[in-house]
Amino acid sequence: MADGKKIIEVEHLTRDYGGGRGVFDVSFQVAAGEVFGFLGPNGAGKTTTIRHLMGFLKAKEGGCRINGLDCFRDREKVQQMLGYLPGEISFFDDMTGIEFLDFVSGYRKDKGESRRKELMDMFDLNPHGKIKKMSKGMKQKVGIVAAFMHDPQILILDEPTSGLDPLMQNRFIELVEAEREKGKTILMSSHMFEEVERTCHRIGIIRAGKLVAMDQVEALREQYMTPYTVTLESEEMAKAFAKDFQGVCQGRSVTVSAKRSLEEVFMQYYGGEEHAE
Amino acid sequence: MLNKTLYCREMKRNVKLLVLFGMIISMYVYIIISMYDPKMMEMMDNFAKLMPELMAAMGMTTDTANLMAFMISYLYGFILLIFPMVFSILRGHGLVAAYVDKGSMASLLAAPVKRRTIILTQMAALISGIVILVVYSTVLEYACAGVLFPGELEGQKLLLLNAGLLCLQLFIGSVCFLASTIFSDSKYSIGFGAGIPALMYVIQMLANVGGAAEKAKYFSFFTLYAPDKIVNGESGGISGIVILLVGAVILYAASAVIFEKRDLAI
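As you go down the protein sequences, you meet chains A and B in turn. Following our numbering, the numbering of the first sequence begins with 110 at its first residue and continues without gaps. Following our numbering, the numbering of the second sequence begins with 174 at its first residue and continues without gaps.
The set of hints was computed from the structure by calculation and includes no laboratory data. Glycine included, each C-beta is placed from N, C-alpha and C at the ideal position. Treat the hints with caution; some may be incorrect.
In silico DMTMM-like links for lysine to aspartate or glutamate, alpha-carbon gap of 25 Å or less [to be verified]:
no. : chain 1 : residue 1 : chain 2 : residue 2
1   : A       : K242      : A       : D274
2   : B       : K275      : A       : D203
3   : B       : K275      : A       : D125
Covered stretches of chain A (in silico footprint by chain B; criterion: 3 or more residues with CB under 8 Å from a CB of chain B, positions within the stretch not fixed) [said to hold, decoys possible]:
no. : segment
4   : 163–173
5   : 304–316
Start from the sequences, fold in the hints, and give me the full structure.
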């Protein structure tokens, strides 16, 4: 995976919106070929950080670079390499899905093979309706196609699976895994651990604008899963039990893992303070 | 400089409004020019003498001796000022602030397209719309006058008059556009973009009434566009429209600079 070269660099990024809102002294790096999960509750500062990376906002203090280029100053060069899925999808309502995708290709002046067809098939997207009339999930699919179709080297995905049904969430995870295999650098934000644990190498947890933890996903998963060992009366029962609960059977004892609730994991990082909205 | 795909999209969105306002302007221009009748002018003049304030407020002066003066009175006081202005207000807001407010600006920024290109393209779409409306009005006036009253209208004066109108409308457009680039909130974008031109127009109406209110004219940019002076070749006429044009250039340039530098929380 990571060959050491830092693709996304956020350094001491600070933006104070007042009232404790904003991001404060956030620093992290994402290496080439790495998938980074950016985890945090609503209003924690995920989107604000991403807006800085996208060059929508100018860093007040600190800064961020992509591939060595300043995200605000050199934004159009940075955008050349980027695919972006916004957290709150708002496309041109007056267009149909297909018109929008055509527009994006023309607007970006994309040449060469587009992966549009492949992606539309993958997500069962029927893009012929007006975007205005589309459901949240359908708009999300249009957004995913628009973000991936020009085959960018770097992807920034803000809560990518929101609005998708479980089947489509799985398809999306498969897509991210495939991109990961191709060596793409991906940053995806989420408020759900399940979403990031399967795909990400490393996870950063942000809370109330501050990065509170950054770890390999395995380390976090260990804290997230609690193993229990159960001893049963007979080996047959143990086998059946292990089968039902996906445990590991050893003679009469079965080790199963129980997931701790998301709140518990968050609480651990949030130090038991009130859930910041 | 410009993004062709974006320009085409915005021009397509212009079409509906242009057709609507084009139709309204066509109707008024045709009806008003066809109403020109030296005999009826006497009646209107009498009417104006009875209620000078009301007629003056609408920009209808008593001197309507020839077709040009008649048109200035009945077209350049209200119809040809208001409809292109409403176009500027609606599109000025729709081209920038509406996208920022709704978040769809993200789709435009998340691409290897310079912010300068985006803002210049949006500006070009607005200016194109205004130019189309004014040029269309000019052709229409010339055609209507030519068919209904051959030889009555001096083409050159009409061109000069409408060149002035174009400068005024470009200036109004630049005010709307600037408001649209400064504010991300539709409330303020529309508030200032529509509020300032509308307020200026109301002040102009007050000033037209005359008397003590006449001083109000110094507070309205509409005063800079004086059709009578332009047609009669008075000095204030041309300098007024030059000021409007320069003002428009400054405000459009300011919009571009602001849009390039500002934070966009989308």
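Tested hints:
1. A:K242 <-> A:D274: holds (18 Å)
2. B:K275 <-> A:D203: With a Cα-Cα distance of about 13 Å, the restraint between B:K275 and A:D203 holds, given a limit of 25 Å.
3. B:K275 <-> A:D125: holds (23 Å)
4. 163–173: holds (count 5)
5. 304–316: Since three or more residues must qualify, the claim that chain B covers the segment 304–316 of chain A is violated, with 0 doing so at under 8 Å.
This entry does not satisfy hint 5, going by the numbered hints stated previously; all others are met.
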